[in-house]
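Q: Could you put together the complete structure from these sequences and hints?
Protein chains: 4
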Amino acid sequence: MAVVDVTVLPIGTGATSLSDFVVACQRELKLCGEGLNFQLTAMGTIIEGDLDRVLEVIRRLHEVPFNHGAMRVSTTIKIDDRRDKAGTILQKIQSVECKM
Amino acid sequence: MAVVDVTVLPIGTGATSLSDFVVACQRELKLCGEGLNFQLTAMGTIIEGDLDRVLEVIRRLHEVPFNHGAMRVSTTIKIDDRRDKAGTILQKIQSVECKM
Amino acid sequence: MAVVDVTVLPIGTGATSLSDFVVACQRELKLCGEGLNFQLTAMGTIIEGDLDRVLEVIRRLHEVPFNHGAMRVSTTIKIDDRRDKAGTILQKIQSVECKM
Amino acid sequence: MAVVDVTVLPIGTGATSLSDFVVACQRELKLCGEGLNFQLTAMGTIIEGDLDRVLEVIRRLHEVPFNHGAMRVSTTIKIDDRRDKAGTILQKIQSVECKM
Numbered sequence: 001m002a003v004v005d006v007t008v009l010p011i012g013t014g015a016t017s018l019s020d021f022v023v024a025c026q027r028e029l030k031l032c033g034e035g036l037n038f039q040l041t042a043m044g045t046i047i048e049g050d051l052d053r054v055l056e057v058i059r060r061l062h063e064v065p066f067n068h069g070a071m072r073v074s075t076t077i078k079i080d081d082r083r084d085k086a087g088t089i090l091q092k093i094q095s096v097e098c099k100m
Numbered sequence: 001m002a003v004v005d006v007t008v009l010p011i012g013t014g015a016t017s018l019s020d021f022v023v024a025c026q027r028e029l030k031l032c033g034e035g036l037n038f039q040l041t042a043m044g045t046i047i048e049g050d051l052d053r054v055l056e057v058i059r060r061l062h063e064v065p066f067n068h069g070a071m072r073v074s075t076t077i078k079i080d081d082r083r084d085k086a087g088t089i090l091q092k093i094q095s096v097e098c099k100m
Numbered sequence: 001m002a003v004v005d006v007t008v009l010p011i012g013t014g015a016t017s018l019s020d021f022v023v024a025c026q027r028e029l030k031l032c033g034e035g036l037n038f039q040l041t042a043m044g045t046i047i048e049g050d051l052d053r054v055l056e057v058i059r060r061l062h063e064v065p066f067n068h069g070a071m072r073v074s075t076t077i078k079i080d081d082r083r084d085k086a087g088t089i090l091q092k093i094q095s096v097e098c099k100m
Numbered sequence: 001m002a003v004v005d006v007t008v009l010p011i012g013t014g015a016t017s018l019s020d021f022v023v024a025c026q027r028e029l030k031l032c033g034e035g036l037n038f039q040l041t042a043m044g045t046i047i048e049g050d051l052d053r054v055l056e057v058i059r060r061l062h063e064v065p066f067n068h069g070a071m072r073v074s075t076t077i078k079i080d081d082r083r084d085k086a087g088t089i090l091q092k093i094q095s096v097e098c099k100m
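Chains as they are written, first to last, in our numbering: chain A, 1 to 100; chain B, 1 to 100; chain C, 1 to 100; chain D, 1 to 100.
Don't take every hint at face value.
Heads up, the list lumps identical chains together, so a pair's fine if it works in one copy or across two of them.
[Stated by the list, open to error] Keeping only pairs whose Cα atoms sit at most 20 Å apart, straight-line, the calculated SDA-like set for lysine to any residue is:
#1 K99 with R83
#2 K99 with M71
#3 K85 with C32
#4 K99 with F38
#5 K99 with S17
#6 K85 with R27
#7 K30 with D50
#8 K85 with D52
#9 K99 with D50
#10 K85 with L9
#11 K85 with E56
#12 K99 with A86
#13 K85 with E34
#14 K99 with A24
#15 K30 with M71
#16 K30 with T16
#17 K30 with D52
Treat the hints as calculated values from the structure; they're not laboratory data.
A: This is the structure in C-alpha cells:
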C-alpha cells in the first residue's frame, strides 16, 4: 500500500486561480478512483492504495487541464511506499499524534 | 501570505519508521512557529504565513534530524505564493469545496 | 513528449551514501529505457519521451531499492508535459541559453 | 555543503513558454549567487554551496516572476544536505559514474 501526494498545475492558461482545475481533478478522481482513499489538502491531493492503481488514476488527473484547454501541465508526484507494514493516511497521522 | 508544504526526510539512519523524527519536527514547529498556522498531513506539514517567517521555521525543521543523529537530510519544500489575494489553507480548500 | 525528473530515495537502509542505489537505478534504466533519452544529474535523473513509456520505466526504477533490501522508498516525480510543441531536454536548455 | 534543486514556476501569466522567466532567474542568479556553484538543467537549477546562502539566493529567485508581472508563483525546492562529507554536484555525479 502506498501513500501518494499529487499536484497538477496548468501552465500558461492566464488564470491565477486554479480552483476550477482542482474541482475538475476532484471530479475525475471520484469517477475513476473507486477503491482508493483520497484526501484534498491545501497543496494537492493525497491518495492511498495499490501503487499501480494510484499511478493509473494520477495519469488521468494529469490529462484534466489539457481537456480544459491548457497546453502545458506540470505535475508533481511524491510516493511513500512502505513494504514492512501497511502505511495508510490514517496510520501515518496516528503514529505521530499518539507520540505527542 | 504563502502556503508551503514541507517534508523532511532523514537518510541513512537505519529507521524505516520516521514517526520519531516527525514528532521531533512537530515539537520544534510548536516552539518556533508562533504566529504561523500549520497542519500535519500524511505526506508532510503545510505551513501558512509570511514567506520569510515560514522559510526561517523550515530552516530549523531541516536541522532536527541532524540533531537526532542523522548525517544526511533530504528536505522538499513546495511554495504556493499568491499576491493578488490572501491565499490561506482554509481559503484554498473552501474555494474548491464550494464549487463541488 | 514529456520531460520528467525522478528521484528514488531508499529509507531506513542505514546507508548515508546512496550511490550504490543510484548505480542500480541507472543500470535498470539502461535495460528498460530503450528509445528514451535520459540524463543523470546531481539531484536525480531527467527522462525525456512518451509520458506513458516514461512512467512505465519510473515504475521499475521505484522497485530497485526494494530489490536491494530497502523496506521503504520515497520517489519524487516532476512531469513537464507540453503539447503545443515538442519539449525536449535539449530544446528546453537551448531556448534559455540562446536568450542569455 | 548542500546541493539544492529549485524550480520557479509563474502561474496565470498566460505564457506557455517559460524561457523568458528562466532567463530572468538565471540573470538574477549570476547577480546574487557569487561564490555558489550552479547548473541549469532541463527541469530547474541545481545550486551548490552553504545552505543559508543558497536559500537566501532562492528567496530572490522566487521574486523574479513577481517582478515580471506574475501574481502567483509556485516554487519547488529539494535540498540534499550531507554532513559526513562534502557533497558537491561534481562529487555526486562522479561517485555514480565511477561505479558504472
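Q: Look at each hint and say if it fits the structure.
A: Okay, the hints, checked on the actual structure:
1. Taking identical chains as interchangeable, the C-alpha atoms of K99 and R83 are never at most 20 Å apart, the minima being 22 Å within one chain and 28 Å between chains.
2. Proximity of K99 to M71 under the C-alpha cut-off of 20 Å is found in neither arrangement, the shortest distances being 46 Å within a copy and 23 Å between copies.
3. Within a single copy, K85 and C32 get their C-alpha atoms no closer than 26 Å, and across copies no closer than 29 Å, so neither meets the 20 Å cut-off.
4. For a Cα distance limit of 20 Å, the shortest separation of K99 from F38 across copies, 18 Å, qualifies, whereas the shortest one inside one copy, 24 Å, does not.
5. Taking the closest pair of Cα atoms, K99 and S17 come within 20 Å of each other only across two copies (13 Å); inside a single copy the shortest separation is 38 Å, beyond that limit.
6. Taking the shortest alpha-carbon separations for K85 and R27, neither the intra-copy value of 31 Å nor the inter-copy value of 26 Å comes in at or below 20 Å.
7. Taking CA atoms no more than 20 Å apart as the test, K30 paired with D50 passes inside one copy only; the shortest distance there is 16 Å, against 27 Å between copies.
8. For a Cα distance limit of 20 Å, the shortest separation of K85 from D52 inside one copy, 18 Å, qualifies, whereas the shortest one across copies, 29 Å, does not.
9. Taking the shortest alpha-carbon separations for K99 and D50, neither the intra-copy value of 28 Å nor the inter-copy value of 29 Å comes in at or below 20 Å.
10. For a Cα distance limit of 20 Å, the shortest separation of K85 from L9 across copies, 18 Å, qualifies, whereas the shortest one inside one copy, 32 Å, does not.
11. Taking the closest pair of Cα atoms, K85 and E56 never come within 20 Å of each other, the shortest separation being 23 Å inside a single copy and 25 Å across copies.
12. For the homomeric pair K99 and A86, the shortest alpha-carbon distance inside one copy (19 Å) is at most 20 Å, but the shortest distance between copies (34 Å) is not.
13. In this assembly of identical chains, the alpha carbons of K85 and E34 never lie at most 20 Å apart, being 23 Å within a copy and 34 Å across copies at closest.
14. Proximity of K99 to A24 under the C-alpha cut-off of 20 Å is restricted to the inter-copy arrangement: shortest distance 10 Å between copies versus 38 Å within a copy.
15. Taking the shortest alpha-carbon separations for K30 and M71, neither the intra-copy value of 24 Å nor the inter-copy value of 31 Å comes in at or below 20 Å.
16. For the homomeric pair K30 and T16, neither the shortest alpha-carbon distance inside one copy (25 Å) nor that between copies (29 Å) is at most 20 Å.
17. Taking identical chains as interchangeable, the C-alpha atoms of K30 and D52 lie at most 20 Å apart only when both belong to the same chain, with a minimum of 17 Å there against 22 Å between chains.
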